[in-house]
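*Asks:* For the protein sequence lines, the chains are V, S and W, in the order given. Counting in my numbering, the first sequence runs from 1256 upward without gaps. Counting in my numbering, the second sequence runs from 80 upward without gaps. Counting in my numbering, the third sequence runs from 165 upward without gaps.
Be aware that one or more of the hints could be misleading.
Claimed, not checked - Computed cross-link-like contacts, EDC-like style, restricted to lysine to aspartate or glutamate with a CA-CA straight-line distance of at most 20 Å:
id : chain 1 : residue 1 : chain 2 : residue 2
1  : W       : LYS202    : W       : GLU177
2  : W       : LYS270    : W       : GLU253
3  : W       : LYS170    : W       : GLU183
4  : W       : LYS203    : V       : GLU1468
5  : S       : LYS209    : S       : ASP92
6  : W       : LYS202    : W       : ASP226
7  : S       : LYS310    : S       : GLU299
8  : V       : LYS1316   : S       : GLU230
9  : W       : LYS202    : V       : GLU1468
10 : S       : LYS209    : S       : GLU230
11 : S       : LYS112    : W       : GLU198
12 : W       : LYS202    : W       : GLU183
13 : S       : LYS209    : S       : ASP93
14 : W       : LYS270    : W       : ASP322
15 : W       : LYS270    : W       : ASP241
16 : W       : LYS270    : W       : GLU258
17 : W       : LYS170    : V       : GLU1468
18 : W       : LYS170    : S       : ASP81
Claimed, not checked - To be clear about the criterion: a stretch of chain W counts as covered by chain V if any three or more of its residues have a C-beta under 8 Å from a C-beta of chain V, and this derived list gives those stretches:
id : segment
19 : 172 to 180
20 : 235 to 241
21 : 250 to 263
Quick caveat, the hints were computed from the structure, so don't treat them as lab data. Don't be surprised by glycine CBs; every beta carbon is placed ideally from N, CA and C.
So you can see what is in the structure, the chains are spelled out below.
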Amino acid sequence: MPGYVQVNSKVVQVPVAPGREVLARRGAMLAYTGQVTFRPVTAAQGISGMLGRAVAGETVKQMVAEGSGQVFYGHLGLHLTVIDLTPGESLQVEADRLLCHDASLTSSVLFLGQQGGIRGAVRGAVSGQGLFTTQLAGDGSAVVLAHGGAIGLQVTPGRVVAVDPQAYVGHRGQLSVDVTAKVGWREAVGRGSGEAIQLRVQGQGVVYVQASEQKF
Amino acid sequence: MDAPLSPVTLPVDDNINPYAFCVDLQGEWFLHKGKMIAYYGQMRFEALTVASVSALVAAHFSSPLYADDWVVATGVGKLVLGDRGFDINSYDLDDGNLTVRAANLLAFETRLELLQSIVPGFLTLLGTGKFLASSNGPVIFAEPPIRVDPEALVGWADCPSPSYHYDGHWMTQNLVGLLRGAIGIVSGEERQFDFTGAGTVLIQSSEKTMADPAALRMMEQQITALSQAEKVHLHRFLGAQLTQ
Amino acid sequence: MARFRKNGSRIVEVDLAGESVKSLAGAMIAYEGEISFKKAGFGGGEGIRGAIKRKATGESLDLMECTGTGTVYFAHDATEIELVPLAGETLQVESSSLLALDSGLKTNVTFTGLRGASAGQGLFTTTVSGNGVVAVLSDGPAISLEVAPQYPLVVDPDAYVASKGQLTQSFVTDVSWRSAIGKGSGEAFSLRFDGSGVVLIQPAER
């Protein structure tokens, strides 16, 4: 099964076939060959997670690409990272940073309060993305957007990584993400209260960080 | 830090890196305003209205709509061009033609001839010579048949001008609303440029295009062709759009 | 001394073993190990006089100091990073282009000339001097251009990033340059460098 091809740092070429539909954020299609049609996805279509997203007031609209052909995706000149998931693995990413993924992946909206109680909820609030992130699981590929490109930092037991919430893109693996207020950090940065918070990532996996403090 | 470049070691009519280009100026080049970032040597930049370049303009720059955005660089030296960190590509035409988005065209040799394309916002280069164009991310070269989001299109060569393709599903859902003018086309999934025939299509990596001030001027020019009643209608339409 | 290393072109990693590094406040995107952060005093260790000078000249510099053992990752707004080593030299750099520097380096504000012949408005820049590494930001990969007595260099002020060496800088306001800049954007003058040295430019206008 031919997979996603990264044409350059900002464009990905994705195969579409019957049984291999692709979900992408609206407006991200650059070009396509073959017979492909695009249809907005709504909760009524029953794609897992969409109902939750609608309830959450999530504003990122998605289009499903169906048919047979090749679709080129990109968004606002942002750099892309292709992440291949194997069964049993999951990727958690802020909804705004998800460009496209195989429709076969199960997508669910996580309320961060479920993961880490009230502190988890704070995290969603400080990173400015609301309280919900998208979790993808299954066998397939996903493409994540990052301003200036993302680097993956390995997290292993005993090797904790602290991340600026503004630079956090997503993570995969068995990781827990905690919010901490680092002493001296707020004073050192001298900005709004959100900047006083750091994300402490521990466990076993990879955390993705972008080369910018900018949200999009 | 790399070893510094000098007029001796700067490339001759070639890229310094993907985002900067060095023109070895020996005479004249047409240049999009604001795109030169440094130069060595003796050179001048003349507006297209200056008498000394009027013959050149008359013969090689046939687009009054864009004349205000361009100058002629004259002299001898090394001229470094950049465009907001966008990728820059040089293209060599050999008795050929290539149509490119006006906002992406940076510079061209005065041997080439510039014409305004029938597709709004695009310029056609004809003849033999070199020109430079920028793109948001590297350019992807594709062959028809292909359908492209209008905003991701950089240009095309040799193939016929594109036509619009509307997504069938979208048409059946929205045609009534569209005819009433109640909805607009909002994304590339609903409308694309359809390329057929033999040739090359140039696609850029992002649908975020550069601002083209000429697009507004072009619309202004077209308004003069409207009747009084049509202008009143347009006035009301714009008023409604602004208050939305 | 802190060890600077690029990860790709837009992220710099600095290894610390008990030393400290100064950086643009808020430019830390991640870190490992035990690192503490504090505001780097007035204008980055220039004392109260330095702070007053910065306020008067508008060359603001908001730095923080990171100290400890581990690795700190810095990046800013997805711009490219150039590592400039200094060996007892002085680098002139726009304060907005400074990402990080060895904490042993000294920063200051200097007068670089008058904008235009008649306007009389003073222009100031930040200088960094000493021994160590400076991480400089540029919009697109920086290009270093040599200046020698036989070939002076003219630069768009919007593309200028930094310079070092024995250079004299002048502001050229000629009609020709003005005709070549876009309407309502860009500077109405160009920067001319004479002497011997290196000028760093970026392939984008600010």
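*Asks:* Each hint should be assessed against the structure and marked as holding or not.
*Replies:* Results of checking the hints against the structure:
1. About 19 Å separates the Cα atoms of LYS202(W) and GLU177(W), which keeps this hinted pair within 20 Å; it holds.
2. With a CA separation close to 11 Å, the supplied pair LYS270(W) and GLU253(W) stays within the 20 Å bound.
3. With a C-alpha separation of about 19 Å, the suggested pairing of LYS170(W) with GLU183(W) holds against the 20 Å cut-off.
4. Using a Cα cut-off of 20 Å, the hinted pair LYS203(W) and GLU1468(V) holds, with the two alpha carbons roughly 19 Å apart.
5. Restraint check: the Cα-Cα separation between LYS209(S) and ASP92(S) comes to about 9 Å, which is no more than 20 Å; the hinted pair holds.
6. For the given pair, LYS202(W) sits about 12 Å from ASP226(W) by alpha-carbon distance, which is consistent with the 20 Å threshold.
7. As the CA atoms of LYS310(S) and GLU299(S) are separated by approximately 12 Å, the hinted pair is consistent with the 20 Å bound.
8. A threshold of 20 Å between alpha carbons decides the hint, and for LYS1316(V) with GLU230(S) the separation of about 19 Å falls inside it, so the pair holds.
9. A C-alpha spacing of about 19 Å is found between LYS202(W) and GLU1468(V), which places the hinted pair at or below 20 Å, so the restraint holds.
10. Among the hinted pairs, LYS209(S) with GLU230(S) is inconsistent with the structure: their alpha-carbon atoms are about 25 Å apart, more than 20 Å.
11. At most 20 Å may separate the alpha-carbon atoms for a hinted pair to count; LYS112(S) and GLU198(W) exceed this at roughly 50 Å.
12. Note on LYS202(W) and GLU183(W): the hinted pairing holds, with a Cα-Cα distance of about 14 Å set against a maximum of 20 Å.
13. A threshold of 20 Å between alpha carbons decides the hint, and for LYS209(S) with ASP93(S) the separation of about 11 Å falls inside it, so the pair holds.
14. A threshold of 20 Å between alpha carbons decides the hint, and for LYS270(W) with ASP322(W) the separation of about 25 Å lies outside it, so the pair is violated.
15. Our distance criterion of 20 Å between C-alpha atoms is broken by LYS270(W) and ASP241(W), whose separation comes to about 25 Å.
16. Among the hinted pairs, LYS270(W) with GLU258(W) is consistent with the structure: their alpha-carbon atoms are about 15 Å apart, no more than 20 Å.
17. For the hint pairing LYS170(W) with GLU1468(V), the CA-to-CA distance comes to about 18 Å; that is within 20 Å, so the pair holds.
18. Proximity of LYS170(W) to ASP81(S) is assessed by CA-CA distance (about 14 Å); at most 20 Å being required, the pair is judged to hold.
19. Three residues within the 8 Å Cβ limit are the bar, and the segment 172 to 180 of chain W against chain V gives 3, so the coverage statement holds.
20. Under the rule that three or more residues need a Cβ within less than 8 Å of chain V, the assignment of the segment 235 to 241 of chain W holds, with 4 such residues.
21. Residues of the segment 250 to 263 of chain W with a Cβ under 8 Å from some Cβ of chain V number 0, which does not satisfy the need for three, so the listed coverage is violated.
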